[in-house]
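As they're listed, the protein sequences go chains A and B. Quick note on our numbering: the first sequence kicks off at 1 and runs consecutively. Quick note on our numbering: the second sequence kicks off at 1001 and runs consecutively.
Keep in mind that the hints were calculated from the coordinates and are not lab data. Note that the Cβ used here is the ideal one computed from N, Cα and C, for glycine as well. It cannot be assumed that every hint is accurate.
One-sided excerpt, in silico: chain B residues whose CB lies under 10 Å from chain A [as the list claims (entries may be wrong)]:
#1 P1008
#2 Q1009
#3 F1062
#4 G1104
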Amino acid sequence: NAGVTQTPKFQVLKTGQSMTLQCAQDMNHEYMSWYRQDPGMGLRLIHYSVGAGITDQGEVPNGYNVSRSTTEDFPLRLLSAAPSQTSVYFCASISATNYGYTFGSGTRLTVV
Amino acid sequence: QQQVKQSPQSLIVQKGGISIINCAYENTAFDYFPWYQQFPGKGPALLIAIRPDVSEKKEGRFTISFNKSAKQFSLHIMDSQPGDSATYFCAAGNSGYALNFGKGTSLLVTP
């Protein structure tokens, strides 16, 4: 089935560790975004990409890096995990024709 | 600065009633206003969206009302059902790929 695949679904990290959250889409969408969701805060944009090789910062980019080497993949890297990065992370693939978002099922990250 | 303000934070409606969620935005350049529905443990899913050239859009039991001059838009769920119990997010943007989301409304529809 077409869609957005996020891995892992759950992860526990120790403070200072690094990791990469994977996101892949098979809808051939040019646009992709990463959001974090915290209780009572809605979804906040971390980084986004409008095509392979093009990325930009969103509302809360500090502590995160992204790259977009292919249209399909948009990994999110945590450089040095902090407890403040405990959150649920959603990747979205976006249609450039109607702006419809398809979200992945999320990665629940806990930093201890 | 929060770009999109959503209210109420939570809502309880009886089965068959009308659920109303409101949002307000600041940036007059926004031209795309979607609503998302999220069930526990799932990612948000697009419910319905509107552009500022129309004042209302209806899809089944879901209606968006849009007031450009007041910079407000709302979601109406007619004949609310227990299966509608979820968290609803409004959003606004002018590029599609960088949406600003409201903080969400937790809707509970009681039998």
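Structure-based check of all given hints:
For P1008/B, the suggested interface contact is broken, since its CB lies about 13 Å from the closest CB of chain A, more than 10 Å. Restraint check, Q1009/B versus chain A: the minimum CB separation of about 8 Å is within 10 Å; hint holds. Here the hint on F1062/B is broken, as its CB sits about 15 Å from the closest CB of chain A, past 10 Å. Nearest Cβ of chain A to the Cβ of G1104/B: about 5 Å, under the 10 Å cut. The hint holds.
Violation of the numbered hints given earlier is confined to hints 1, 3; the remaining hints are satisfied by the structure.
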